[in-house]
Amino acid sequence: MTSLPQSTEKKLGLVIDLDTCVGCHACVVSCKEWNTSNYGSALSDVDAYGPEPQGTFLNRVHSFEAQPESGCSQTVHFPKSCLHCEDAPCVTVCPTGASYKREEDGIVLVNEADCMGCGLCAWSCPYGARELDQIFGVMKKCTLCVDRIYNENIPEEDRVPSCVRTCPAGARHFGDLGDPDSDVSRLVASRDGMDLMPEMGTKPVNKYLPPRLKDVPSDAALEATHKTPEGLFAWLDKALEKL
Amino acid sequence: MHPAPSIILFTTLSGLGFGLLAFLGLGLPPVTGWVAFVFFFLANALAVGGLLASVTHLANPKNAIKAFREWRSSWLSREGVLAVASLLVMGVFAVALVFFDIRLRTVGALGALLSLATVFTTSMIYTQLKTVPRWNEWTTPPIFMLHALGGGALLAGQPRLAAILLIALGLLMMWAWIKGDEKSLAGTTMETATGLGRIGKMRLLEPPHSGQNYLLKEMAYEVGRKHAQKLRILSLLLGYALPAALMLLFTVHHLTALIAIIAHLIGVAAGRWLFFAEAAHVQRLYYGK
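Protein sequences appear in the order of chains P and H.
The first sequence lines up with residues 1 to 243 when you count with my numbering.
The second sequence lines up with residues 1001 to 1289 when you count with my numbering.
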């Protein structure tokens, strides 16, 4: 069924801290590594060692520059993957039932055995979170590492999405955003967490924590500190003037 | 959006085929026997040919049969169901008419209704996408419907009706182009895409990858938009103005009809190419485009 569930028991998702992310792309690499060898078909690469390499990724890091009306610009590294929306348009457009949202935890998945590779779900996604694999011909997307988070064969500390486990800066958090008392929900509340493209009406589960505003250097700090030379420099200054 | 030839062929040919089927179902023209056979053959060839072209667009066509499942939620699924239903119902009507000289009026009317409903579902596949503001407009369904009806009337030998429908269509196309240009991305910006408008104006500092990817190829198509104005005029003249003029100003015989139909097809294909090539997807904002 590609109708959306009325509500989900949990709303598992990610909280991404744009203040902390350093743009190292470790999450991109670990995501590719885990997901190319686990759930569904591999994440293929085309011309991987040639002049025009390209491939399927479930998570990508864009880097932006925000320019305030005055003062210095601010660089923001911006990891982007599926937001596991509550009103996921990618689910309802699917004609085969391959695309679905789980009632138990809200994860949006693709059943590759049913996907016909029409690409309509990727068209319906405002965020560019779905990529049609160029070799396997099926739609790939973030699974929230559904094969890790419930996996009792791996140590408990590893039962989080691969990107969260690997982030060296601690910029990625995983939890139940449907529970207002969860760590992630509290983080979102305290840091003014936000939705991407709220006007699209998708109600994303994943939240982004905006970067804290940069310190503005005081005018005094920007003043030149040595206006008149002293000592040896004063003598040099004088000597050079006379030349 | 990437203007895939398979999808342009599909929407152009199938629309025309289902339009002709709708007229045939209503008994226009009132043909029987072998003449009816030729008409039905043409209509089915266009409709089925277009549908087959659309299958080549699929990356994993072995699962195409499963596309009939989700008609409760998916416009694409509804389109598949209705396309097959209209072809089956019109098949019964055609066999009775061609081989037994019996006109099953109710079946024909039902077939006509289903054929037009099929075209409507095709239009809704595009109209439903909020992510492509140019398509997400009230004008999209009537444009698809008028293409089917106008082209269908042309093929069904209804000159006056065809001319009126094609003129109306041409005017609506112009309106949709102007409104689409004004609408652009409908208020979605890099600032809303990143949520960082609170800091200031955003620009892309570094893209996430140095090469191409599926998203850029599919959703950030840019080639040829500089020819948009020329193609718009070409599409208007060939697709709608010339066929309408031929139908109104000349006595219709096979040659004028043939010229009108060929001009119409070229014009519609050009317009359809623009329909995709000009449609901007909000995803492109993440790439600073």
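Think of the hints as simulated: they come from the structure by calculation, not from any bench.
Even for Gly, the Cβ is constructed at its ideal location relative to N, Cα and C.
Mixed in with the good hints there might be a few duds.
Partial list, derived from the structure: chain H residues whose beta carbon lies under 7 Å from chain P [unchecked claim]:
hint : residue
1    : T1056
2    : L1058
3    : S1074
4    : F1120
5    : L1129
6    : K1230
7    : R1232
8    : V1282
Quick rundown of the hints versus the structure:
no., hint, verdict
1, T1056, "violated, 11 Å"
2, L1058, "holds, 5 Å"
3, S1074, "holds, 5 Å"
4, F1120, "violated, 16 Å"
5, L1129, "holds, 6 Å"
6, K1230, "violated, 27 Å"
7, R1232, "violated, 23 Å"
8, V1282, "holds, 5 Å"
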